[in-house]
Amino acid sequence: MGCKKEFSKFYERPESLGPPIYQQLEQKGNFKHLLSAVDKAGYKPILSETGWWTLFAPTDAAFERFYQENNINGDDALSDSLATAIVKYALVYNAYREDQLSNYQTTDNTVIAEGMAFKRKTAYYDGVNQQGDDVHSKTIATNRNVLSRASGNVFTNNSNYKEGDNNNKYIPYFTDKFLATKNLTAADYTSFYPNASAFNGFSVANAQVDPTYKNVEAENGIIHAVDRVITPLNSLDQYINRNSQYSDFAKLLDSLRYYSVNAYVTHQNQVATGSSDSVYVKGYDGRLAFSANNENYQTPGVSSFINTLAQKESWSMMAPTNAALAAYRAKILGKYNNTFFGSTPASILIDFLNSHMWPDALWPSQFSTNPNYLEENASISINNVVDKKVLSNGIFYGVNEANKANVFRTVYGVPYLDPKASMTYNAFKDLGTGIKAYTLQPGVRQTILVMPDNVLAAAGWRYNESSASGSNTAWGYKSASSSSYSHSPIHKENIMAMISTGVLLTPTAELTSFAGEGIVETKNGAYIKYKNGKIQTSGTLDTGVDLNITSSDNSSINGSVYYVDGLLSFTEKNVGDQIEKLATLYPANYSLFLQLLKDGGTDVYNETTKAVTGVKTGTDYKYTFFIPSNAAITQAVKDGVLSGNTSTGVLKKTKDLRAPDFELIRKFVLYHIVNGESIASDGKKTDSYLTLLQADDGSPTLLSVSNDPGDLTVIGYHNSNAKVIEAASNQLGNRSVIHSINNYLDYNKN
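Under full-length UniProt numbering, residues 1 to 750 are what the sequence shown spells out, in order.
Hints in this document: simulated from the structure, not taken from any laboratory. The structure displayed is predicted, hence computed values, not measured ones. Beta carbons: idealized from backbone N, C-alpha and C, even for Gly. A portion of the hints provided could be inaccurate.
Keeping only pairs whose Cα atoms sit at most 27 Å apart, straight-line, the calculated DSS-like set for lysine-lysine is [said to hold, decoys possible]: (1) 622 x 749; (2) 531 x 581; (3) 685 x 531; (4) 335 x 420; (5) 622 x 573; (6) 28 x 138; (7) 388 x 404; (8) 655 x 598; (9) 581 x 610; (10) 138 x 88; (11) 40 x 214.
Pair by pair, the computed Cβ-Cβ distance ranges are [unchecked claim]: (12) 572 x 471: 43 to 49 Å; (13) 489 x 531: 56 to 62 Å; (14) 706 x 727: 41 to 47 Å; (15) 478 x 531: 47 to 53 Å.
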């Protein structure tokens, strides 16, 4: 008998525990309107029995204010549906004191991040839209982000909807602890709720919690009294679709809707309503940061889902007003005839939308420092915001100026937004080239040369995604004598080399015009030359036809883009071919060195292929030739560095050369060739560089370069030095720059 009494005492209701929520509200006496709403909603039994809720309870004063603001004539005039919405949205699953609400919890209620949470899941959800939309008669918002899979340039969307998840809405709240943890202030709160009562350290949406009636423990939960009635907040999707000033932005988002019929929801809806109409899950293209109608937060780009993550995370979205969108569209889509994105590649629309979507909460005080889904800070300021809201699944900003994505406002955007430069864009976006990352830098000055599609097509080039399979690439080439395209990898390599040649390295705006004369390094390590508006590459030197600039685009924030009328081609001839031409053009500068090459035999030069020993071809290699002038070579003979007449400086005749003479030539030639770097006299590269010569002990040899614009000095061992002769230098060869110098360099390390 004694054991039974002890057992009953252990399990009996604690004396300190108050009555259930409903009964406590009755006893308090100032929640009559709320209780009337609870009765209409059919929630009296729920709030009178066991359970575990948090109730944000509007006082009678809060309801009377709500009725007045919404022209509702008392409790009787409050519709059942609105009463239900108010009650269900005020109810949070599980019971939380104020100090617990700021804690982020896992699904098993383990606290893993104090002060990080500002939302909790409510009992309210929208369910099936019985009126549907303009596409389907009945729809339901997705409760997971849509999945998108890529096959080449083709993307396939798949629904990730989870049956049994009602897509419940979340309610936001703000505590001193949360603000402090997130480095926010009360100003962040009042920025969203300017008409709310003064922030008192604990608010729920625009309502302040009554400090005299909070953390009230009930048998089935905890009560916090609030001074306003809170109706279910819109989702991001609902808000932009219900506000006409963002209708054009909403149309763009809606153009990327994705529907999938769901048998489970269709059956549930049939049981509830008797309708046999199919219900379609509505989401948005998986390439977007998120589906704006999904109430369940997911990390963008991640298919996995953590049930409680929405407690501390939130998406954010900016929507330009219709006027702002029209102005921006006219600016970026001029080459598409200012279309409403309808005729552009889908990626342009997706990039535009993603530039207005944030993967986390964008607070007013952090507006300019928190990056968006494209990992870019906002290009506009908080002063451009005309409307801001904390919504059920995200933070919203209406803006009077569109956010400018780097993919549009930099030089990368010029070919991207030009349908007549699509092949250049396809090369730019290929991550293997590194062009995208480089050209997207808004703070690095750029100069770009673009070969239009018609120029490339006329030369036999095309980009055809459907041809990419197995060992073939999308890049195809057809010679003039061929009737079909070849899509072998070598063609991709070749066109990437040409297009990379058009990305000029001008980070300090050193090139503002092609009207003068100069030499400029390109992204792939090659160089181009220009003079009086004409452009040369190593390839155009083979044909003797310089390129002309046909048009320019100076709209980018980080540089200028020029369109050319021919290929930015590269030579496939060995560098000796160019040296032979230079020996004809500048005999006093190059002819004796050419003689040395030929006299050096096969250890130095192949007269048939024009290949210099040790000089390789291909985009992985770069060289600089510092070629002593005839006068310098004559001096080398006089100094005994090369074989010949030490009095006159005349080289020994070819027929008289022997093994020691050949060795002197080999060392002399190879030491004057920098291995691994192309250097122009542009003032940019100053360092010590490896040469092609190995010392007798097998160690590498070096020479040093001192480089000022138009004044390049080369220094060898024993302080031997030479100046570049500008008038005959900065010549282009196969992955090489060729200079004439006024002295020879000593290669002896000892």
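Checked hints:
Restraint check: the Cα-Cα separation between residue 622 and residue 749 comes to about 24 Å, which is no more than 27 Å; the hinted pair holds. A hinted pair counts as satisfied when its Cα atoms are at most 27 Å apart, and residue 531 with residue 581 qualifies at roughly 20 Å. Between residue 685 and residue 531 the CA atoms are separated by roughly 22 Å; this keeps the pair inside 27 Å, and the hint holds. Restraint check for residue 335 and residue 420: the C-alpha separation of about 9 Å stays at or below 27 Å, so the hint holds.
For the given pair, residue 622 sits about 14 Å from residue 573 by alpha-carbon distance, which is consistent with the 27 Å threshold. A hinted pair counts as satisfied when its Cα atoms are at most 27 Å apart, and residue 28 with residue 138 does not qualify at roughly 44 Å. With a C-alpha separation of about 19 Å, the suggested pair residue 388 and residue 404 falls inside the 27 Å cut-off, and the hint holds. A distance of roughly 12 Å separates the Cα atoms of residue 655 and residue 598; the hinted pair therefore holds under the 27 Å criterion.
For the hint linking residue 581 to residue 610, the alpha-carbon distance of about 11 Å falls within 27 Å, and the restraint holds. The straight-line distance between the Cα atoms of residue 138 and residue 88 is roughly 23 Å, inside the 27 Å bound, and the hint therefore holds. With a C-alpha separation of about 25 Å, the suggested pairing of residue 40 with residue 214 holds against the 27 Å cut-off. Between residue 572 and residue 471 the Cβ separation comes to about 22 Å, which falls outside the hinted range of 43 to 49 Å.
Residue 489 and residue 531 have their C-beta atoms about 35 Å apart, which leaves the hinted 56 to 62 Å range violated. One distance hint, 41 to 47 Å for the beta-carbon pair residue 706 and residue 727, is violated here, with the actual separation near 20 Å. At about 33 Å, the CB distance of residue 478 to residue 531 disagrees with the hint of 47 to 53 Å.
Hints 6, 12, 13, 14 and 15 from the earlier list are contradicted by this structure; the remaining hints agree with it.
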